[in-house]
Amino acid sequence: MTATDRKPEVVENGAASSRATRLLGDRRLPVLVTAALFLAMYGGGLRRYANYGFGEPQVFLNLFIDNGYLLVAAIGATFVIMSGGIDLSVGSMIGFTTMFTAWLVERQGLPLVLVVPLALGVGAFGGFLMGYVIHNFEIQPFIVTLAGLFLFRGLCLVISKESISIGDASVGTLAQTRVPLGVGELSIGALVALAVLGAAYYVLHYTRFGRRVYAVGGNEQSALLMGLPMGGTKIAVYTVSGFCSALAGLLFMLYIQSGDPLHAIGMELDAIAAVVIGGTLLTGGSGYVLGTLFGVLVLGLIKSLITFEGTLSSWWTKIATGVLLCAFILIQRTMTARRKT
Amino acid sequence: MAEPRPVLEMTGVVKEFPGVRALAGVDFRLFPGEIHALIGENGAGKSTLIKVLTGVYPLDGGTVALDGEPAEFTSPLQAQQAGISTVYQEVNLCPNLSVAENIFIGREPTRAGRIQWKRMRKEAAELVDRLGLDIDVAAPLSSYPLAVQQLVAIVRSVGTGDRDAPGSGTKVLVLDEPTSSLDRDEVLELFRLMRQLSRDGVAILFVSHFLDQIYEICDRMTVLRNGALVGEHLVRDLDQVGLIELMIGKALDQLEELHEHQLHSGVGELLVKAEGLGRTGKIAPFDLDIKKGEVLGLAGLLGSGRTELARLLFGADQPDSGTVTIGGKQVSMSAPNDAIGAGVAFCSENRKTEGLVPDLTVRENIILALQAARGWTRPLPVAQRDELVAKYIKALDIRPANPEARVGQLSGGNQQKVLLARWLITQPQLLILDEPTRGIDIGAKTEIQKLVVSLSEDGMSVLYIAAELEEVLRLSHTIGVLRDRKLVARLANGPEITAGTILETIASGAHQ
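As given, the protein sequences belong to chains A and B, one line each in that order. Note that my numbering gives residue 537 to position 311 of the first sequence, counting from 1, and the numbers run on in steps of one. Note that my numbering gives residue 418 to position 369 of the second sequence, counting from 1, and the numbers run on in steps of one.
Treat the hints with care, as some may be off.
[To be verified] Derived contacts from chain A toward chain B, CB cut-off under 10 Å, selection only:
no.: 1; residue: R253
no.: 2; residue: L255
no.: 3; residue: W329
no.: 4; residue: G335
no.: 5; residue: G424
no.: 6; residue: A425
no.: 7; residue: Y428
no.: 8; residue: T433
no.: 9; residue: R437
no.: 10; residue: R438
no.: 11; residue: Y440
no.: 12; residue: L454
no.: 13; residue: G510
The set of hints was computed from the structure by calculation and includes no laboratory data. All values reported here derive from a predicted model rather than from experimental measurement. For each residue, glycine too, the CB sits at the ideal point set by N, CA and C.
So here's chain A without its partners, still in its complex pose (with noise of 0.2 Å):
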């Protein structure tokens, strides 16, 4: 064959290429980016309203505190859409958790030693058939998790038709306790949501079925034919899920001390836009747990800066997220084009 594809000169070998271009095709860039932004918005705030002890460390740690459930559902979801997949029900599920810790624990007198383990095992039971459904019927996760989005929501509804507060002494207790940590103190549920970031770290870097996540978001049919087992990765990053929406529903429940009905209704998106801000792609295979803090915490502190303006409506925190999440989207979208070229 004379084939015109003779090259006379050194073939380039791919990798080399100029710094801008590596910078732009760096997977870690989505995060650094959060970061900066997180890092600016505090900046700001610091100017703004230094006045008003926005400087103070308990501010920062105060992120923590009232996003710590937020944190452990998107950490969830970052499994889910690492993987390629979505999860809608993850706010029904925390709303069913705190009715059905709040009924055992009020209605039916169970200690919490026992509540905690009942309600992390439904969830993620949960999340085990949604991803049994997945993956065996082969359907698309969008509709599977829209119809247990719908299904949590109904049993809240089974189990009562309005909220039962906790008044429960074990419960109380949890919920007050403050870790101090010198400069300023932790709640019991920040702690937990850190340590679950640190778990779920420890899972998607150094364990094979962390590395098949990524394996089946970057291509699944690859991943089958390299003879990944497919089914059993995607059933179990939806039982993650589960699990981590159960447990985000108990830390909402400890930080609400009631269980509703209503509670948490949508919080699935802003799982999902914290896990988005925090740069991972939703076609799957490129993300880092750590972007999906950084995401938790500049969706809080959204929340903080416009609390500390005083005369905003709340309503702002929305239309700050998707302006955000539009923003984010479109750095995903040119980064991706740029890496295909």
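We have chain A; now place chain B onto it with these hints.
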């Protein structure tokens, strides 16, 4: 030379699909350390044989023996574990992970469940090194071109065995059309790797449409036709003409005929004139004119700007300088619609992703462009539509001649014909064909080339892009030579122009 025991022996293999006998008692053997070509036209049963071998399809009859032991695999994973690894035409790796991970994923070195990243990178680097490749294993796979990704896929498949002795597990390596999207240097690198593996005792089964490559690298070949074994030969015992005759089952006069055919048709008045047309980063501004009935061939290396030039002429990319005049009228090339309106048709090189809709039927695919040109408010009358479709199925000999067949199920050559039919039905003045013969068998190739000649005789202008210089030489009146995203020369084709002349032009980059 005394023949050693075959590492793999398939006897009387039968595979049936509803209504089709894909393999009718095929015998196949593979010896350790040989590179063995599996040859046949599209539909001859090559893919089926490979899929039976690698456990994708179950056997319907016959036996498979690996190392003398009877074996039958029910999944690719099982075949892999038994030492049969496959690298497919499309690279099946995860581009978002690093090279090292792609090599090791699923069997990463761990201690107490924790992945040992350092050790994994080190082992991957050693493996890559041992195979004489220069790849940074820590870089993401997506940062490498397709050719390197393919090499990584091979590294993965030979590394699938025992983790302490890479390569020890793989006895048979199946390479299914690995070279179809590689350029020459990349092919040479692949061949070097194949030779090294075969020296290590790995038996390699090589499937390729490029006969020259088979003659370059293979020791032995098995020829299939219509699901039956035609023969097993040592490569040095059978010349190319003999081989092609075995493949298609008839003599080669049609190819010869085509050679004489070239250039006989005349060329009319000016049709397309491009002046200073260019797009930054894609192709430098160029002047080009194409006359009625002229076949303009584009020659150049992969990535020299052939496709980019064609896309500008079709408005698929917007030029940022220059003008295009078609039939005396200036056309603003801001979208393909403008070009289609002016009578330009474009068959993309990626017929699967940019051309055909695999889930639609042959009929629907064929009328797509015509319907688009008419607009959705004026549907094509059913009778006229069916007549047109039937006419083109017949004219291009699309098989099966069933307008309701799903395009995704057709062979590559027939898919290409459907794509051609779609554009021919709009009766374009200029037909742009980007690699129309890539990945299709020699019979279909000849037919498509003959079609180009007859279209040009009927007065249609054709812009023809092909990787094989012979193809361009055979068909073109004029040859445009590209180099480094620049049109460097225009050569009037004639007896004095050979592949050598063109290569020299490319190499020197000189103007006429």
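List, from low to high, the hint numbers that the structure doesn't satisfy. When the structure is compared with the hints, numbers 2, 3, 4, 5 and 6 turn out to be violated.
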